[in-house]
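**Q** What follows is the residue order along each chain.
2 protein chains.
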Amino acid sequence: MKFCSHCGSAVTRRVPPGDSLPRAVCDACGSIHYVNPKLVLGSIPVWEERGKESGQARLLLCRRAIEPRYGYWTLPAGFMENDESAGQAAERETLEEAGARIELLGAFSMISVPYVNQVHVFFRARLLDLQFKPGVESLEVALFEEAKMPWKEIAFRTVGLTLKHWFADRARGAFGFHAEDIR
Amino acid sequence: MKFCSHCGSAVTRRVPPGDSLPRAVCDACGSIHYVNPKLVLGSIPVWEERGKESGQARLLLCRRAIEPRYGYWTLPAGFMENDESAGQAAERETLEEAGARIELLGAFSMISVPYVNQVHVFFRARLLDLQFKPGVESLEVALFEEAKMPWKEIAFRTVGLTLKHWFADRARGAFGFHAEDIR
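Quick mapping for you: the protein sequence lines, in order, are chains A and B.
At the far end of the first sequence sits residue 183, using my numbering, and the numbering has no gaps.
At the far end of the second sequence sits residue 1183, using my numbering, and the numbering has no gaps.
You can take every hint at face value.
Calculated lysine-lysine pairs in the DSSO-like style (CA-CA distance at most 30 Å, straight line): (1) B/1152 / B/1133; (2) B/1038 / A/2; (3) B/1148 / B/1133; (4) A/164 / A/133; (5) B/1002 / A/38; (6) B/1002 / A/2; (7) B/1164 / B/1038; (8) A/152 / A/164; (9) B/1152 / B/1038; (10) A/164 / B/1038; (11) B/1164 / B/1133; (12) A/152 / A/38; (13) A/38 / A/164; (14) B/1038 / B/1002; (15) A/38 / A/133; (16) B/1038 / A/38; (17) B/1148 / B/1164; (18) B/1164 / A/38.
Reference excerpt, derived from the structure (chain B facing chain A, CB under 10 Å, subset only): (19) 1004; (20) 1009; (21) 1010; (22) 1117.
The hints are simulated quantities; they were obtained by calculation from the structure and are not laboratory data.
Positions of the beta carbon are idealized from the N, C-alpha and C atoms, including for glycine.
Please construct the entire structure, taking both the sequences and the accompanying hints into account.
**A** So this is what it looks like as structure tokens:
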């Protein structure tokens, strides 16, 4: 049983007039309670030594201190909040989870995950310094070059896909935008 | 005053343990009610006569039959629903509002609108036929070439920006991805 957040009465699930899908409708006050997918925003923080070979780019990953996927590695990411833009959400999550300051370089991936009603968006980013440290949701934070990426310990498929696209795009010398679905 | 959707008790607004922002928290059952930005998904449906000059591309717009912005022109778009991907949402809204069948060509723009807690995403699309017709939320649906676009009667800034990027990208011969904010 669900209740109306506006008046506290019980809600029923039915198709409102003019709509095509069933919604939680309050028979007492008439409120319709929509439920929509949530946006998860993250970044791909990259550290490149100046003057080094292009193979030396290293990416910042966080090892999760929370469920789901405790102990697995992820890019810094989390639920976008009200009153912020997508880019601000990516910067905030990177600071909260990795203590890392970044400069955003452009949107890179948008992956729909309809079975959990989420859309994950990642921005490419330049790590501004090496003063990162784990936030309360991370066990550790570390830089990985491509040959040492913990591919078998990546927390989420959206993160694994985004990392694979990043290395592939970098190898061909041009970063695109990747929109896809996980089913 | 707000109420808990899980138990119907009154909620209070405070920062839950381990969080950094105030949330609607139920003191009776402990539920935390998060509110996050909503995704609006739409398409840029394009009709191009084969063999014609490139200037002859025409874009499908809908004139709104609902508030806000009743009577103004928009690209077909609307709130993404649970259990669908971003691309499916764009196709569904295009069918609902314009009666139009499309083939998606790629994600094109993602515009954050933090003052209404929305993120608008548009896909480039090819209109499959000319059998479009207005849905219940549209007064009329029509094709416009660039010289005849109703620029002063566009319903939303996210739509105007997306259209301008589309014509600019087309003129330079390459479609990019455009992530930005409206403040």
